[in-house]
Amino acid sequence: MQTLRTIADDYLAFIEHERGVAQSTVYSYRSWVKHFLKWLDANGYPEATLDAFTTPVLRRYLHYLSGERKQRPRTIRGAFFCIKGIGKYCVENGLLDADPNTPIKMPKKDAAIRKTTNNEEVLALLEGCERQRIPSRIVLARAAFHLLIYAGLRRSELLDLHLEDVHFEDASVLVR
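Per numbering that gives the first Met the number 0, the sequence shown runs over residues 0 to 175.
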């Protein structure tokens, strides 16, 4: 029987190459898989197989995250996105008859806690742009921070920008 690690690796390859999810998603899922497998190993399931991928075991993992690890509901839900994906993948590929995640109720999603920056911190970031040694880097850093600060772009949106997305004639930027 295949190990859960092998199945998880197959699932990660599937979402990366066939579903085309963002690289950051694959990275996050890989991190949670590693955490889950490490937890399984520490809780009596070394080299875990699908026999360990059951509703009671998944519930224990959820209780571990919320109790012992004191993770926020938002974090627990994030951890289980990947685990639920593996369950669905196993059912779709005939490895399991039913997804063991189905009966598990996730904790109610809590509000995001975002630290806001004050004006002094924003000015310090913009002043940091001037420390670049290459003049073109100064301009690039300033432009990037202005888009983050004043247009509210997310990091991933900023990194996905291409030169053809910037329209100087009407002073607009196409965000994908």
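If you are wondering where the hints come from, they were derived from the structure by calculation, not from laboratory data. Backbone N, C-alpha and C fix where the C-beta goes; we use that ideal spot for every residue, glycine too. Treat each hint with caution, since some may be false.
Straight line, CA to CA, 20 Å or less: simulated EDC-like cross-link-like pairs of lysine to aspartate or glutamate [as the list claims (entries may be wrong)]: (1) LYS107 - ASP96; (2) LYS107 - GLU163; (3) LYS87 - GLU163.
Pair by pair, the computed Cβ-Cβ distance ranges are [stated by the list, open to error]: (4) HIS34 - GLU129: 39 to 47 Å; (5) PHE144 - LEU49: 17 to 25 Å; (6) GLY19 - LEU173: 18 to 26 Å; (7) LYS114 - ALA41: 41 to 49 Å; (8) GLU17 - MET105: 20 to 28 Å; (9) THR48 - VAL172: 21 to 29 Å; (10) ARG153 - ASN117: 33 to 41 Å; (11) TYR149 - GLU17: 34 to 42 Å; (12) GLN1 - ARG68: 54 to 62 Å; (13) ILE133 - PHE13: 20 to 28 Å; (14) LYS69 - THR24: 43 to 51 Å.
Hints and how they fare:
About 28 Å separates the Cα atoms of LYS107 and ASP96, which puts this hinted pair outside 20 Å; it is violated. With a CA separation close to 42 Å, the supplied pair LYS107 and GLU163 exceeds the 20 Å bound. For the given pair, LYS87 sits about 39 Å from GLU163 by alpha-carbon distance, which is inconsistent with the 20 Å threshold. In this structure the supplied range 39 to 47 Å holds for HIS34 paired with GLU129, their Cβ-Cβ distance being about 40 Å.
Look at PHE144 against LEU49: about 48 Å separates their beta carbons, and that is not inside 17 to 25 Å. The beta-carbon spacing between GLY19 and LEU173, approximately 20 Å, falls within the hinted interval of 18 to 26 Å. Under the hint 41 to 49 Å, the C-beta atoms of LYS114 and ALA41, about 32 Å apart, miss the expected range. Distance hint check for GLU17 and MET105: the Cβ-Cβ separation is about 26 Å, which falls inside the suggested range of 20 to 28 Å.
Between THR48 and VAL172 the CB atoms are about 50 Å apart, so this pair departs from the stated range of 21 to 29 Å. As the Cβ distance of ARG153 to ASN117 is approximately 20 Å, the hint placing it in 33 to 41 Å is violated. Taken as a hint, the range 34 to 42 Å holds for the pair TYR149 and GLU17, whose Cβ atoms sit roughly 38 Å apart. The hinted window of 54 to 62 Å between GLN1 and ARG68 is violated, with their beta carbons roughly 28 Å apart.
For ILE133 and PHE13, the hinted distance range of 20 to 28 Å is not satisfied, since their beta carbons lie about 42 Å from each other. For LYS69 and THR24, the Cβ-Cβ distance of about 25 Å falls outside the hinted range of 43 to 51 Å, so the restraint is violated.
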